[in-house]
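Trainee: Construct all of the structure, not just a fragment, from the sequences and the given hints.
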Amino acid sequence: MAATLAAASGRAPLPRLFSRGILALVLGVYTIYQLGPFLWLATMSVRTTAEISADPYAWPSPLHLDQFRTAWVDSDFATYFWNSTLVVVGAVAVLTFIGAAAAHALARYRFRGNRIIYGILFSSIIFPPQITLISLYQILVDYNLYNSLFGLALVYISLQLPLTVYLLEGFFARIPQDLFDAAKMDGYGDLEIFWRIVLPVGMPAIATTLILNFIQLWNEFLFAVVLITDPEKRTLPIGIRAFMGDHFQDIGMIATGVMISVIPVIIVYVFFSEKLIRGMTAGAIK
Amino acid sequence: MAVVKLDKIVKRYGGGGPVVVEDVDLTIDDGEFMVLLGPSGCGKSTTLRMIAGLETISGGTLSIDGRVVNDVPAKDRDIAMVFQSYALYPHMSVADNLAFGLRRRSIPNAEIERRVKEVAALLGLAPLLTRKPSALSGGQRQRVALGRAMVREPQVFLFDEPLSNLDAALRVNTRSEIIKQHHRLGSTMIYVTHDQVEAMTMGTRICVMNAGKVAQIGAPLDVYWQPANTFVARFLGSPPMNLMDATLAAATRRAASPALDAPLARWSDGVLQARDGRKVTLGVRAEDMAIDHASLDGAPGGRVTGRTIAVEPLGAETLLLLELPGGGEITARLPRHVTATPDQEVVLFFRADAAYLFDAETGDAIAPLETGAAAVRAAVQRRTH
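As given, the protein sequences belong to chains A and B, one line each in that order. Mapping the first sequence onto our numbering, position 225 (from 1) lands on 225, and the numbers just tick up by one. Mapping the second sequence onto our numbering, position 207 (from 1) lands on 207, and the numbers just tick up by one.
Hints listed in this document are in silico derivations from the structure and should not be mistaken for laboratory results.
Looking from chain A toward chain B, a few residues come up when the C-beta cut is under 10 Å (computed): (1) 176; (2) 183; (3) 192.
All C-beta atoms in this analysis are idealised placements derived from N, C-alpha and C, irrespective of residue type, glycine included.
Mentor: In structure tokens:
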């Protein structure tokens, strides 16, 4: 009766209101948990280190927006930003294309050694990437690629390719064979089918790997700090480190640098997040 | 339009792998609607995919209009196919799905647009052209799949169980739509199904397949009334034909067992003499069984005795399931007023000319005197009594 009355008056029944309330509470707490550090960072980015030391949690007053100009112009963040963009966008573009092509081949074609190649790729995910650091350093030196953005991009591609292929292969294998057969009957060859069917249909998974790779490589520090020593070729994570001295850390400028570094990640996420969610939940709902 | 000829076609997976299609000989005439019918795993879809060019051919020759196409890629065979899963491109609109195959063939845009609009109007898809497949119902998706094949105006249409995913009402509608389009286009069509109703109602001819081989080819009624073997006899018809073990006595022209006594009026003396005293299988369709001897109208008839297992009143008729004394079960389709209690002894009658005879070892039909169109006429006449 209560449910009927609630429905008649256009209100949700009490148990549903309660569960929605719980859900809203959980989501609210989680949002604060996630957003809190970011807002704190944002406030610190427009405060000086002295102000932060006096009161780490105070609201910024006055706003030191000039810190962004200082970082961008005086501390050469413009160069670091450009270097990071060049390396990461290049690496992610190549990763996405080669990863998708390899994943498609492994998912769709039966050839001798298919599973062996897949196994080798998969096994390389298990090992921590640090164990390849010294070898890669030596290889880059041997091929005159040490201290070069191109060399760093190549390393990034090799680091992320196994995971990219692994994620995409799982998704591509679920694309029904009938779609490929239909495209063949419509007159298309293998390459055209890859271009016109696999890539568009696999876009949620491709967007997922694209975001994951972009965030991972944009924030990558270890390989960049070992393989790049030339100040002109620094990427953003190494640039931010320049504000850290042995005895003094310029917290305000570090926060400003991190904010500059975070903006592209947010832009990429905003553009691709819908597809990312679809990629993550693919197969969950028929 | 085209003649499709399969000459001893074989499909084997791997080097020495299992043979899934074996020596299939089949000629599909220009404008014919051929139905490949059989149970799951009988090789009918594999045969269709070989015709399409989606599976390699392990042996034999496949030709279309006299041109051998064994090694011709699917895209160059001028064949369109409608898939069971519809196989619509999910990222394209209905219009793009229809036009996709035409764009590959360098057809001018104006012509593509004309064809797409024409087919859309024919199939009632005009209001849906801008929608994505995900925004369509099952029936609409199936019509788009059909339209995608039609818009290409191919030599041959292939259908791989296209109605399996539709509900009963939509299946009937779409079946009519395909028949209508076949009459309008007059194209050669090859249709794979495991549904005997689809086969009987749609096919110009039926090719019944079993275990990778052709069991029988013929017009639907010919196959129904003159099954070549026990497999076809039981596969076509619902309920399936009743098959009963018996011993043949040529002198009395009868097949008999403890439960059965059947006069064999349709076979020549020579045929009966050759099998005198041997085991045979006697077949009678459920609808040819009667519970009342008077319904035979004085014609010579056989009788079979069993005990009731189940009575299924269907409203318009009643199905009676009997267990025979020597083992085996039979089903009779009887008038709706018939009732029986469980484990009751029941005697059923059938006209002598409604009986079929099969070799007990091979399952092959033993040909009666009357075959071909005459046999079909006789069977239909028998049914009208």
